[in-house]
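Trainee: Chains as they are written, first to last, in our numbering: chain Y, 1 to 464; chain X, 1 to 464; chain C, 1 to 464; chain R, 1 to 464.
These aren't lab readings, by the way, just hints derived from the structure by calculation.
These numbers come from a predicted model, not from an experiment.
For every residue, glycine included, the Cβ atom is placed at its ideal position computed from N, Cα and C.
The reader is advised that the hints may include incorrect statements.
Claimed, not checked - If you want the ones that stay clear, here's a sample from chain C, every Cβ over 12 Å from chain R, calculated:
#: 1; residue: 202
#: 2; residue: 217
#: 3; residue: 228
#: 4; residue: 270
#: 5; residue: 295
What the hints assert, rightly or not - To give an idea of the interface, some chain C residues facing chain R are shown, with a C-beta separation under 7 Å as derived from the structure:
#: 6; residue: 216
#: 7; residue: 332
#: 8; residue: 336
#: 9; residue: 340
4 protein chains.
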Amino acid sequence: MCGVIGVSGVSDAARVAYLGLYALQHRGQESAGIVAVDPVGRAKLHRAMGLVSDAFTEASLKELTGDVAIGHTRYSTAGSTVLANAQPYLVNYHAGPLSLAHNGNLTNANELRDKLVRDGALFVSTVDGEVIVHLIARSKAATIDGQVRDALEQVDGAYSLVISVGRTIYAAVDSRGFRPMVIGRLGSGLVVASESCALDLMGATVVRELLPGDFVKIDDGKILDLPRLAPRRVSRCVFELVYFSRPDSTIFGESVNHVRRELGRQLARHHPAPGADVVFSVPDSSNAMALGYSEESGIKLDHGLIRNHYVGRTFINPVQALRVQKVKIKFNPVRDVINGRSVVVIDDSLVRGTTSKGLVGMIKEAGAREVHFRLASPPITGPCHYGIATPTREELIASSHSVEEIRQYLGVDTLEYLTLGEMIDGAGRRNEWCHACFSGDYPTPVQLTLGQLRHSSPPVAIPL
Amino acid sequence: MCGVIGVSGVSDAARVAYLGLYALQHRGQESAGIVAVDPVGRAKLHRAMGLVSDAFTEASLKELTGDVAIGHTRYSTAGSTVLANAQPYLVNYHAGPLSLAHNGNLTNANELRDKLVRDGALFVSTVDGEVIVHLIARSKAATIDGQVRDALEQVDGAYSLVISVGRTIYAAVDSRGFRPMVIGRLGSGLVVASESCALDLMGATVVRELLPGDFVKIDDGKILDLPRLAPRRVSRCVFELVYFSRPDSTIFGESVNHVRRELGRQLARHHPAPGADVVFSVPDSSNAMALGYSEESGIKLDHGLIRNHYVGRTFINPVQALRVQKVKIKFNPVRDVINGRSVVVIDDSLVRGTTSKGLVGMIKEAGAREVHFRLASPPITGPCHYGIATPTREELIASSHSVEEIRQYLGVDTLEYLTLGEMIDGAGRRNEWCHACFSGDYPTPVQLTLGQLRHSSPPVAIPL
Amino acid sequence: MCGVIGVSGVSDAARVAYLGLYALQHRGQESAGIVAVDPVGRAKLHRAMGLVSDAFTEASLKELTGDVAIGHTRYSTAGSTVLANAQPYLVNYHAGPLSLAHNGNLTNANELRDKLVRDGALFVSTVDGEVIVHLIARSKAATIDGQVRDALEQVDGAYSLVISVGRTIYAAVDSRGFRPMVIGRLGSGLVVASESCALDLMGATVVRELLPGDFVKIDDGKILDLPRLAPRRVSRCVFELVYFSRPDSTIFGESVNHVRRELGRQLARHHPAPGADVVFSVPDSSNAMALGYSEESGIKLDHGLIRNHYVGRTFINPVQALRVQKVKIKFNPVRDVINGRSVVVIDDSLVRGTTSKGLVGMIKEAGAREVHFRLASPPITGPCHYGIATPTREELIASSHSVEEIRQYLGVDTLEYLTLGEMIDGAGRRNEWCHACFSGDYPTPVQLTLGQLRHSSPPVAIPL
Amino acid sequence: MCGVIGVSGVSDAARVAYLGLYALQHRGQESAGIVAVDPVGRAKLHRAMGLVSDAFTEASLKELTGDVAIGHTRYSTAGSTVLANAQPYLVNYHAGPLSLAHNGNLTNANELRDKLVRDGALFVSTVDGEVIVHLIARSKAATIDGQVRDALEQVDGAYSLVISVGRTIYAAVDSRGFRPMVIGRLGSGLVVASESCALDLMGATVVRELLPGDFVKIDDGKILDLPRLAPRRVSRCVFELVYFSRPDSTIFGESVNHVRRELGRQLARHHPAPGADVVFSVPDSSNAMALGYSEESGIKLDHGLIRNHYVGRTFINPVQALRVQKVKIKFNPVRDVINGRSVVVIDDSLVRGTTSKGLVGMIKEAGAREVHFRLASPPITGPCHYGIATPTREELIASSHSVEEIRQYLGVDTLEYLTLGEMIDGAGRRNEWCHACFSGDYPTPVQLTLGQLRHSSPPVAIPL
């Protein structure tokens, strides 16, 4: 998962993009980058590993002059944590400087890449988005609009992206619309962002969300709608609402906070915990769900777990040395809330189960009489091929274990998940969700090895 | 404010202290340091500016060998952000290596320092705690116990401190008991910490809180109670419960989470907001208060403000450049919760008023119909002379403005504070609180310039 | 100017390359990089700005596993001091990882680049060598040997380069042979380097120098001579002997130290300074010349200038603030040697004249009665288009001033240069030198804007 | 060994001190520091590990405002490479900020320190100079002049030091005069430095060298000679001339360059190498000696060894891994000069013998027919107790081996040293040298463990 930003016609655009990336920090902490384009069309790039606030200094922002900018913040995925994979890309092609910031995952990147390489293209990273840049540069289309469209029509999978060519910005969302993207107005200029919360911090107001297949061009403070991309069955990622997006964002037309509260209510309706004394969330992602559960069930809400917010930073080794479970670094139980009580613990989802197991252990040590674990989404049984860094099927506990087995593993008294139907009801009863990781119903053809660029033949270049 | 840790008889004591400091990070982000003492009595110090996780690396922890350690994390106060002021101090005196980690503020530090300097003492920092080290080194008492007592009897004000002399650890709380301190057991060893939440992360179990005037010696896994310090009227800092300590700690015999919830209930009882649609907190410090308010009032709880937890890190200039209020970087309103509603906003306290004004502005922009601001403590009218870095009286809005004036400044429909009595009732109806910053009733004689070491004469050495 | 290294069939090849680069540090201080290839053909790159010893750490060398490596150290040239321009390049092309380290300057890089860009090639740097990589990747030749040859036959100008494709290393010197390159044996493996001094430090023994047009392939400890590149008139860079190469190297079949001593003798023969008391060098590049001058003339040699060898490091601003001439930071006169004497100062060459003027000022302040300046090469009247970062013609003092005018500018009593013929006699009376910067006799067609990639159209991407 | 600087009455004094330290870099590369005092008497300190150019940035120099400054650069000695030992010291005592920069070694530091500690003094470093600061602060003398004198009269051994008290600078050289120190004028202000070469770079002109026992006070651009310290037999360190000082300095009234040339001549007169073809130095310290040898003997001078000047920087591990002798990193032989010849190698002194053995190996590998090693000083048989970091007696090869044994160890054909008398003749036939390391004739009573502060009892504090 990643966050992308575009800014056009706003002075000091890189600083505005910086604020936007800052608000999208939850979408990726591995690296951050900004390309800025100045009035004569010169583009400069700065990118670095780490958080947005570490990646940029006053000095680096000063270098990024201009009123056009695009930005990117990248999620950490195993094996490719190298600067060469940080975005945006910036290259010179025949129409001038070309830069790209991509959120999503292309499902046919390997075939396209293999073909391009056979034709003499040189790849400098192992990231799927790089193929788009090559496809644009090699397009025979007469116009730049046509070259970009040419590229987008060849790639399949999930993409919500921003491209700059010279001083023009293009924004597009694939026709299935997996990932959110929104356009806003800032003074006489325009901004694009992965989520509306970034518009708030940039000081922009929402113009509209980009719909599946939307392909727009932004220039001189004007949005020009280019012909839409070929339509496909819409499949919005429900996990964005359940977990990924920030609660203060509105995506796919829904308030994330509102949906999460509703998911909590659904849990209470269909998966009650009669006799429980108190309900609390695993903070912060399931706060709204716990609140909904409490409202609907009448079970008192409390704060049973305190989260140490300094954990975002790299944590060094000593913990392992002391055999302190990582979860203990991040969460601490409030004994006063838990001791002697029957507690309902609300979490948004359960992936490997290791963190939850650690949490349950802490809750029981703090004196819980009974622990009722409730999940505001169904069991995750398959990987995401559209940009969320879920682990392989083997690591997903629900891919090979029954709910009862998981309950025993966690050591809780009861364990219940929302069903697919209950979740979709909570998310807004629409027939346009991607819930492949829960249901196995993938909206695109899926190759054997996706998600990650195939390291095809043994020889491969790794710019560290 | 600061956090202090002591560890004795635990292998790899510095790593245990590191975890303890990590849990006390909220008590100070300016600098962190650890002294470790090895089996033959050699003491080593590492200290650095910044957060605990930045100040220490695997390499620096490896250097800190030994089974005895003390640690310190320091709160940022204006004008003295220099490494020389980071604690612990470590010096050689005639009985061997002596180190000190101090939480609190000595009210007679200036006189003591002036006298020591006249007698040839060399000071290397501008921090009050340094006088204690000199007093110990110059004591004529025959035993080390006596030398430490000698020093403690000469200083006045607030101190909860840990001292190591050779391989022995001393812990003491001044007789008024301003600041918390707790002892725990970890395997066959012992630990000391400012708050119980640090014991949780270190894996220790509570032995007991240190009471006002307690003076103990820890050696070879045993606690030896030394004769108590001369008694004074107890005056526990009520602000530790209202704001400073972590909700998962138990201090002064009270669960912080429980007290805060009760303060929220007090607010609802005495300062209702009839007709309001929703109540929410300024996260995270007033979460429990908002929950208590909602329970007692029946007004629905929601999450109206989302906090960006990446803000802990240094934030660079661009924000100012863009005239983005700092508060916007830290908080974002949830429009869906606020728009068209009459909202009750709960905060723990109000200092300068600037942050609250910014928040109110954001809440109103998000469409609030009415804003009712409620504070879970009385107006702050005076500075703290006992270790909390409140601003000067001039900067405290309530020292020169009426509640009605503050209401107008904030731009809210109603503004109400807990009264002193209501707060004390909520905190546990005991007659032993220091509430000087609210009431002006200072438990010690107060000099004109306190809190901060007087920069007496123009010439002063500043080791950067 | 740059230094290049290749290593094949030597365990821990990156560390060997590191030593080689270290010995070639004088050929470039802007950036350093190494690509290592492991036994299964995976290539990894590490590059960084600054000196070799700063660019690499134990950790970065540990990552660079394998028995094949190429390395590069880059000279600082204005306007392009960015990491993206650091070499080696490393890309994936259809035959696997391809890396390049280039010393020299291609005179037709702009046309080739323009054409490649029109054909959809994406450039990530502003350095001329990048075209070679694209040409290889786009070659239609059936074999890798053929693809590399294809590329080399299209580029014109100066190149002494090392290329790795998979685990094979190619080394080539353009047919005019501007820059030196030597092959050595290290155990059962082979190494390639810009100068023989690097072989000494790597512990290798010389196999042979590469001659102009040599094109070899190194694999499994064997050198395979590929058919030579199309012959051109040989034009070895005489400035390598005069100034650039290290005195302990043997290049173009000549001992650099020996040639410089001979140049000093030539100076004494043809440009005596009768009545002078002492002769000294501007250390260290003209040490051997001063020695030769003293021997031939009988004038006593001494050390009149001491060089501060800590100057290599970045020197910060304060100097300017104090109006200390930069030259004073680097050199200090020995008053005892100079005071009251008539001195002969020997330098290798004179470019802008500013440093020499500063030196002369210092020498006169130290009490010199007379100053006779002697240069062991002719006046430099034109830029180098073959890889030496001489300034533009406008900045070359001898391009627009007579020797008498320069003498007056420097403020010396006499100023004499070697003539072209005298220099060539000293360098070994061969008819195969490039002396274009002295004579204007450029061995290749020269475009208007060379030496530096033309920033053709205003829009250009600058990855910082 | 260390370098010290004082500046008074010069605007931007810290930058001037920075230049001075830069010129004294050869006297110490472990750490560097500057204290600056502003017009109202506030003193600020910045110090850091490493070279002067690394220790200071534009930002740190900007902080050091004022027209008075003292600076220090410290030589690396084993076991104490920690920031706490970096100078200058800066403390507040009753008369204001007091700072100290010390060059030399106090022979009674341990007794003084033990006594001070018994009296309650707190030491923050393990360096001998710290006792002086405590002695000043505890002096009962009525005036500051008296307090400083009080301290100086109690310490024994070698010291050339600069002290600032408020805005006044004191400079003193112990009565035996082991180490050099010189005063210069810079505009209307004054500077003090360890060697005259620092005056050159600061742009100052020599006023006078401080003589043994000189004790001066500098204030408002005026030098006030305070009564001289009690006289002792003068014993100037001859090793400063042989090796330590820069050749462009004049110390003890002698040009270092001139003395070294004369030492080379002495070598040639008394230790000829008949039949040798060429003579060369181990650069750069013995360059002048080789020149003198060549002149006197008529044997041709050449450059047989090239020194890599980038070596000053930290060199990382790989070398060991490759078993490359460290000496090879630093020096490379010029085969052309050496091959087939009988060579005379001139070095200033021989300490452990390991470097020389490595050099000889390289010279022989380069084809030398015969190697005649000549040393411009006698065998070093004992440690220095006055500030030069010679190794212990056990490590000094000449303390336990005869010249013939050393010759065999080095593997040379002949090995000859200057005798004590020949060296003193060369240094200027005066009866006031300290040559204890050659002769065992120590000018002060010498304790068993000197040179290094005794780590008396096991418990000791080590601020890392």
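Trainee: Next step is simple, just say for each hint if it's right about the structure.
Mentor: Here's how the hints hold up against the structure:
Not every CB of chain R lies more than 12 Å from the CB of residue 202 of chain C, the least distance being 9 Å, so the non-interface label is violated. Taking the minimum C-beta to C-beta distance to chain R, about 26 Å, the non-interface status of residue 217 of chain C holds against the 12 Å cut. The Cβ of residue 228 of chain C sits about 29 Å from the closest Cβ of chain R, beyond the 12 Å cut-off, so the non-interface label holds. Distance check for residue 270 of chain C against chain R: the nearest CB is about 22 Å away, which clears 12 Å, and the non-interface claim stands.
Listed as a non-interface residue, residue 295 of chain C fails to keep its Cβ farther than 12 Å from every Cβ of chain R; the least gap is roughly 7 Å. With a least beta-carbon distance of about 24 Å to chain R, the hint placing residue 216 of chain C at the interface is violated under the 7 Å criterion. Given the 7 Å rule on beta carbons, the hint for residue 332 of chain C holds: about 5 Å separates it from the nearest Cβ of chain R. Interface restraint check for residue 336 of chain C: the shortest CB-CB distance to chain R comes to about 4 Å, inside 7 Å, so the restraint holds.
Using the Cβ-Cβ criterion of 7 Å, the hint placing residue 340 of chain C at the interface with chain R is not satisfied: the shortest such distance is roughly 13 Å.
Checked against the numbered hints listed earlier, the structure breaks hints 1, 5, 6 and 9; every other hint is satisfied.
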